[in-house]
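Q: Line by line, the protein sequences are chains Y and V.
Position one of the first sequence corresponds to residue 1 (my numbering), numbered consecutively onward.
Position one of the second sequence corresponds to residue 1 (my numbering), numbered consecutively onward.
Treat each hint with caution, since some may be false.
[To be verified] Mimicking BS3-like on lysine-lysine, the simulated pairs with C-alpha atoms at most 25 Å apart in a straight line are:
1. V:217 <-> V:230
2. Y:230 <-> V:230
3. V:159 <-> V:136
4. Y:304 <-> Y:230
5. V:110 <-> V:159
6. V:136 <-> Y:304
7. V:173 <-> V:183
8. V:23 <-> V:217
9. V:110 <-> Y:230
[What the hints assert, rightly or not] Here are some of the chain V residues that sit facing chain Y, going by a computed Cβ distance under 7 Å:
10. 79
11. 87
12. 105
13. 298
Note that these hints are calculated values from the structure, not bench results.
By construction, the Cβ of each residue, glycine as well, lies at the ideal position given by its N, Cα and C atoms.
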Amino acid sequence: MTTTGAARPRSLSNSFSTFLYQRPRLVLALLLVPPLLWLGIIYLGSLFTLLAQSFFSIDDFTAQTIYEPTLATYARLFTATNLSIIFRTLAMASVVTVISGIIAFPLAYYIARFASGRMKALFYVAVMLPLWSNYLVRVYAWKLILAKEGAIHWSINSLGLGPVLDWILTLPVVEGSSLSTSYIGTTLTFVYIWLPFMVLPIQAALERVPRSLLEASSDLGARPNETFRKVIFPLAIPGIAAGSIFTFSLTLGDYIIPQLIGSSRPFIGQAVYQFQGTAGDIPMAAAFAMVPIVIMAIYLAIAKRLGAFDAL
Amino acid sequence: MTSSSGATAVSFQNVSRHYGAVKAVDDVNFDIRDGEFFAMLGPSGSGKTTCLRLIAGFEQPTAGHVVVHGVNMNGVPPYDRDVNTVFQDYALFPHMTVLDNVAYGLMIRKVPVAQRRQQAEEMLEMVALGGFGGRKPSQLSGGQRQRVALARALVNHPKVLLLDEPLGALDLKLREQMQVELKAIQRRVGITFVYVTHDQGEALSMSDRVAVFNQGKIEQLASPIELYEKPATTFVAGFVGISNLLEGAAARAATGAEQACSIRPEKIHLERSDAAIPADAMTARGRVSSILYLGANTRYEVALEGGGELTVTLQNREAHAEPAEGETVQLWWEARHLMRFAQ
Numbered sequence: 001m002t003t004t005g006a007a008r009p010r011s012l013s014n015s016f017s018t019f020l021y022q023r024p025r026l027v028l029a030l031l032l033v034p035p036l037l038w039l040g041i042i043y044l045g046s047l048f049t050l051l052a053q054s055f056f057s058i059d060d061f062t063a064q065t066i067y068e069p070t071l072a073t074y075a076r077l078f079t080a081t082n083l084s085i086i087f088r089t090l091a092m093a094s095v096v097t098v099i100s101g102i103i104a105f106p107l108a109y110y111i112a113r114f115a116s117g118r119m120k121a122l123f124y125v126a127v128m129l130p131l132w133s134n135y136l137v138r139v140y141a142w143k144l145i146l147a148k149e150g151a152i153h154w155s156i157n158s159l160g161l162g163p164v165l166d167w168i169l170t171l172p173v174v175e176g177s178s179l180s181t182s183y184i185g186t187t188l189t190f191v192y193i194w195l196p197f198m199v200l201p202i203q204a205a206l207e208r209v210p211r212s213l214l215e216a217s218s219d220l221g222a223r224p225n226e227t228f229r230k231v232i233f234p235l236a237i238p239g240i241a242a243g244s245i246f247t248f249s250l251t252l253g254d255y256i257i258p259q260l261i262g263s264s265r266p267f268i269g270q271a272v273y274q275f276q277g278t279a280g281d282i283p284m285a286a287a288f289a290m291v292p293i294v295i296m297a298i299y300l301a302i303a304k305r306l307g308a309f310d311a312l
Numbered sequence: 001m002t003s004s005s006g007a008t009a010v011s012f013q014n015v016s017r018h019y020g021a022v023k024a025v026d027d028v029n030f031d032i033r034d035g036e037f038f039a040m041l042g043p044s045g046s047g048k049t050t051c052l053r054l055i056a057g058f059e060q061p062t063a064g065h066v067v068v069h070g071v072n073m074n075g076v077p078p079y080d081r082d083v084n085t086v087f088q089d090y091a092l093f094p095h096m097t098v099l100d101n102v103a104y105g106l107m108i109r110k111v112p113v114a115q116r117r118q119q120a121e122e123m124l125e126m127v128a129l130g131g132f133g134g135r136k137p138s139q140l141s142g143g144q145r146q147r148v149a150l151a152r153a154l155v156n157h158p159k160v161l162l163l164d165e166p167l168g169a170l171d172l173k174l175r176e177q178m179q180v181e182l183k184a185i186q187r188r189v190g191i192t193f194v195y196v197t198h199d200q201g202e203a204l205s206m207s208d209r210v211a212v213f214n215q216g217k218i219e220q221l222a223s224p225i226e227l228y229e230k231p232a233t234t235f236v237a238g239f240v241g242i243s244n245l246l247e248g249a250a251a252r253a254a255t256g257a258e259q260a261c262s263i264r265p266e267k268i269h270l271e272r273s274d275a276a277i278p279a280d281a282m283t284a285r286g287r288v289s290s291i292l293y294l295g296a297n298t299r300y301e302v303a304l305e306g307g308g309e310l311t312v313t314l315q316n317r318e319a320h321a322e323p324a325e326g327e328t329v330q331l332w333w334e335a336r337h338l339m340r341f342a343q
């Protein structure tokens, strides 16, 4: 008797497995089609619609969208008011990214290099914990903390440093009656909310640096500070770049924090919200929405040019 | 300390390194001579790598002193030691070119750019990687990375070069080739090489002297020939080469004494059961339990009638009528080849 293969009994699931095993391309298709549909139609599709909308304009008189391609809407982006909105958002995103990086690096370095076992788990939880509670709740909490009657003002006044804080709050750009109505408050809240997105990529990058590289550097005569500058930091740059992409783009797009905390001057997110809502000017909202996308594209191009991803 | 070939490069003086209750290195004393190729051989966890790391400065001794060229190294950090290491995983900096990797130590010592480039390039030439300076380590093969790691260490002209299983990740052919090259490079530069390996073949073929480690202590420190021909302990006999250890009743049946002993497989003659045997030879009878044909030679496992088992290797100098599996054979060897061990 000659039997081929099939040592096991041919159950239905067994023969289905064999069917798939013999058709690797089918398996690939089954795996890829759902995410590609999602990405292609729902995500790219809506992005394209957005792009298309931005090339239409609105009739000032009837407030109806005129479906004819025009650059007029984009031209309106370059009015002084709109440019200041873009510049304000860009500056805030940059400041938030830099501060997040400065705070996140030592923390990520400690978690990656020194903490182990329970301590590491504890740090992970500490970094992630804020993400487990509602975003709005946390922002409102900061509004209270930063308010004139809040914890920070109270602490600083108790230390007798109230005049210093008041003086800082009268500085140009900062200007606000309290922390919760100044850019300082906005920045603090942004940094707090986005910090985990900076810590985790840096920590992951540092985690991937093998101990032997640090030993090799030390072995070749480098003191700890030189090893840090020549080996550890360069190898952490892809992590810093990844983290900064998160903090930068999340700040560019956010409209709730600047709405609740800080001066009432609008950011890009608020502008989009107002144009598509109250004003009903969908083309203008779309044009504004394109701004963070373009800025991010430029940001990534610069990061790549500077070699931020070379060590990947 | 009173070695004929000159100064002492590294001296271990009552050195211990304990991790809690684990004694990785346990009260070890030995000297490494200046300019020699010194191997530290042993199974994993025997303390050989810890000894290497003690010389490099990555570990500090729990007790005792590590002395390098007359200077006590206790408390001296790795970056202040005149020794360099070739790491097991090479530890090349992935974000730097091959040339920058090699020039790293020179850069740290603030050697001017032009000079350090030139020295690094010369060193790359020496390890047969001239023209590879512009590549990244990820673009090199395992063997090439290994050479870069060697060049990166040697360019600093260390007093002692430490090599931590440097050939472990290479395939057999490349490993044998690198053994020859390493030995040649060591002769050329004249630097003391301290070589950690678990491969006895590597240790025997390259080294001037070998220290065999077991459980944090040195079992024997001797030349490769002495180590193979006159192993001091049963452990050394077993770890270096095939041991053929006979103990207790089996030893008495083969040699007349119950003392543990061993005979190297190539020292044993294997004859048909009816063949004539020299009168002064030591003999044993047994049954061939397995035959392993290895090309250049054939390895026989013979179960002795008096108990125990001996491995015999025969050169396949010409096709001869071999005993078959299960056949009864006579073994004989000269008494001077028998190695006896204190219990």
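Q: Does each hint hold? Answer for all of them.
A: Okay, the hints, checked on the actual structure:
1. V:217 <-> V:230: holds (19 Å)
2. Y:230 <-> V:230: Given pair residue 230 of chain Y, residue 230 of chain V is violated - Cα atoms ~50 Å apart, limit 25 Å.
3. V:159 <-> V:136: violated (28 Å)
4. Y:304 <-> Y:230: This hinted pair holds, its Cα atoms lying about 20 Å apart.
5. V:110 <-> V:159: This hinted pair holds, its Cα atoms lying about 19 Å apart.
6. V:136 <-> Y:304: The given pair, whose Cα atoms are some 18 Å apart, holds under the 25 Å limit.
7. V:173 <-> V:183: Holds: residue 173 of chain V and residue 183 of chain V sit about 16 Å apart, inside 25 Å.
8. V:23 <-> V:217: holds (9 Å)
9. V:110 <-> Y:230: Holds, at about 14 Å.
10. 79: Hint holds; residue 79 of chain V Cβ to chain Y Cβ min 5 Å, cut 7 Å.
11. 87: For residue 87 of chain V, the interface hint holds, since the closest Cβ of chain Y sits about 5 Å away, which is under 7 Å.
12. 105: Interface hint status for residue 105 of chain V: holds (4 Å vs cutoff 7 Å).
13. 298: violated (38 Å)
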